[in-house]
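Keeping their order, the protein sequence lines are chains A and B. Counting with this note's numbering, you get residues 1 to 251 for the letters of the first sequence. Counting with this note's numbering, you get residues 252 to 471 for the letters of the second sequence.
Treat the hints with care, since some could be wrong.
Unchecked claim - Computed beta-carbon distance windows for the label pairs:
1) A:Glu74 with B:Asp268: 26 to 36 Å
2) B:Glu362 with A:Glu235: 20 to 30 Å
3) B:Gly331 with A:Leu246: 49 to 59 Å
4) A:Ala68 with B:Gly331: 19 to 29 Å
5) B:Lys359 with A:Gly192: 52 to 62 Å
6) A:Glu247 with B:Asp451: 31 to 41 Å
7) B:Asp386 with A:Arg224: 21 to 31 Å
8) B:Lys434 with A:Ile69: 45 to 55 Å
Said to hold, decoys possible - For lysine-lysine, the following PhoX-like pairs were computed, each having C-alpha atoms within a straight-line distance of at most 20 Å:
9) A:Lys145 with B:Lys337
10) B:Lys392 with B:Lys365
11) B:Lys467 with A:Lys240
12) B:Lys257 with A:Lys93
To be clear, the hints were calculated from the coordinates, so they are not data collected in a lab. Keep in mind the model is a prediction, meaning the values are calculated, not measured. Here a beta-carbon is modelled for each residue, glycine too, at the ideal position from N, C-alpha and C.
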Amino acid sequence: MNIIVLMKQVPEIEKVRFDPEKGRLDRSSAGATTNPFDLNALEAAVSMGPMKAEEMLRDAIARGADRAILLSDEMFAGADTLATAYTLSAAIKKIGSFDLVICGEKTVDGDTAQVGPEVAEFLNIPHVAFVEEILQVDSCSITVKARMERSSYIIRLSLPALITVTKDVNNPRLPTLRDKLRAMRTPITIWGYKDLAEVADPRYFGFEGSPTRVVKVYTPTAERRRGQMISGQPEEIAQKIVQVLLENKVL
Amino acid sequence: MAAALKTGLTADCVDLDLDDDGNLLQIRPAFSGNIMAQIKTRTKPQMATVRYRVMKPLNRDPCRRGEVIVREAEVPEGTGIEILDKVEIMGVNISEADIIVAAGRGLKSPEDFKLLQELASLLGGVLGSSRPLVDSGWIGKEHQVGFSGNVVKPKVYMAFGISGAPQHLFGMRDSDIIIAVNKDPSAPIIGVSDYYVVGDLYEVIPPLINEIKRVKGLVK
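Excised from the complex, chain B in its bound form:
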């Protein structure tokens, strides 16, 4: 549409504002979230897309009355595009998850995701992952959290062995509660966490699983 209108389009904005002249100020990350850019458009209309889930939906206000304009749309023949089938994708939708149990390079083998899966299942959550493990094929891309994966805002984000590269922090830093477990006390993830443990995920998770089972009355 922007090309047809010969106007600017700013993709994936994380914030929108108006300047003193009433023009749109478009704020978007660039270079994998390492920098932020403020962008203005010289042409009209000013067009922008906003990133999924970075803005909170407003509550429905039944008092508002707007004018509904009905136009008959004529779809031109011969667009050259024919949709033959639509297939729903099954599996996790990490963007909607309330609890995410995520692993990073601290994980030693893809088998060890089972340990995190047990913890996630007990909490009714889903598995998350930083990019290196997805790139190595240890877990599917639908689990990837970060700039090039999914942006998530769960109630609790548990980061095990994730150092916290900017591209990962971009995808999870708006979570309500962030709990980080990392061997390295200087890991950037600790700076964005509400609670942190300086330690080995392999020493923290098994007793945590036991304690959750105990509290849930699954074991004595």
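Pulled out of the complex, with its shape left as it was, chain A reads as follows:
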């Protein structure tokens, strides 16, 4: 089974600073890390190898992805979700043969959860988002449990298909030293604008191909309330809090 995993590098959200004067993120203020949901997507892919002896041996040697492609070109920059999804779908078309595409449910920087489903639409394949459990995979279908609000759905998709996975789908493994050494030796293919122009319309790449425009960015003015301090001995504090609860008729 050929599985494609879509991944993104994001700034470390807890550390990144915002420059209110320039109205943009100071990306140098934080390191970069793999979007955490994408690790679940990768784990879902590598732990799903079909149990054929040959494949199993390959999996035992590899314990990870077999091939990596980096999409990198200035022409891809500034893409919104639609242009990103279009570019990714072009790369998948260029790869050609695949059975399944797995993405994290969303990235922690953009947080839209749109790219996966849009890729599926551009590839004209079925998809399910927010998969929390992969129940069964065979040569022509995948059955998953997906979470939507207050319900879970058991859904069977015919392959090829795309799923986006939540953190509940698995616990990503930690690579061993051997994995890391192997990864260092594995060549990474880089595809740019010209490579993808063979299979797609480059007018829909990057900033130029993005229908949405960020017109303004600002730090939210946190609504401050006139906090009233409650102090005293613990019993007095308790009485004052109860007074507030009584006044607001929640007690």
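Following the hints, complete the assembly by docking chain B onto the known chain A.
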């Protein structure tokens, strides 16, 4: 749908407006609620989704008369998607709760949620949590309040030992009444609270439980 229509889609808006030309201004948070972005769409239709419960539903107006257009929809065969079963999720729905008793890193052990649960039960409320405790597996994600958890608007939000990271404040700052208990007087949560106690939750909660029991006539 947006991809099929080759148009823009802005996710999770917290506010929508129209500019002078009648185009949609879409306002959404980014980077875990640390920044807000105003977004316009150059293509038509302009599509946006709004975040759950950030807008108040309008009251029903029986005088309004709209035209109902009935179209026969043809569902194409062979979509490749087959729904085999649907399972309702039981348990708390914190987004609908009127009273939330929430804990943050000030909590010393997962066992101590029992203390907060007793308080929550007395008030007919549910437990809430900041993200670190959920990430540590102390409580389920359905209790998580914040940007990556649930956005809540209860009548009363009680925050015990929660410092108030932007990602948490995003999920609870529209609560009617916010009561914060924190050892650190400079904690950001205090800036968004209506009432605050500078103190230890372990010293505040037991007498508070007793006082509520007394007022409810459960003890003398």
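Verification of the supplied hints:
Checked against the given bound of 26 to 36 Å, the beta carbons of Glu74 of chain A and Asp268 of chain B, roughly 33 Å apart, stay inside it. At about 25 Å, the beta-carbon gap between Glu362 of chain B and Glu235 of chain A stays in the expected band of 20 to 30 Å. About 58 Å separates the C-beta atoms of Gly331 of chain B and Leu246 of chain A, a value consistent with the hinted range of 49 to 59 Å. Distance hint check for Ala68 of chain A and Gly331 of chain B: the Cβ-Cβ separation is about 28 Å, which falls inside the suggested range of 19 to 29 Å.
Checked against the given bound of 52 to 62 Å, the beta carbons of Lys359 of chain B and Gly192 of chain A, roughly 53 Å apart, stay inside it. Distance hint check: the CB atoms of Glu247 of chain A and Asp451 of chain B are about 25 Å apart, inconsistent with the given range 31 to 41 Å. For Asp386 of chain B and Arg224 of chain A, the Cβ-Cβ distance of about 28 Å falls inside the hinted range of 21 to 31 Å, so the restraint holds. Taken as a hint, the range 45 to 55 Å holds for the pair Lys434 of chain B and Ile69 of chain A, whose Cβ atoms sit roughly 50 Å apart.
Using a Cα cut-off of 20 Å, the hinted pair Lys145 of chain A and Lys337 of chain B holds, with the two alpha carbons roughly 9 Å apart. Between Lys392 of chain B and Lys365 of chain B the alpha-carbon distance is near 17 Å, which keeps this suggested pair within the 20 Å criterion. Restraint check for Lys467 of chain B and Lys240 of chain A: satisfied, since their Cα atoms lie roughly 15 Å apart, inside the 20 Å limit. The straight-line distance between the Cα atoms of Lys257 of chain B and Lys93 of chain A is roughly 18 Å, inside the 20 Å bound, and the hint therefore holds.
In this structure, the one hint that does not hold is number 6.
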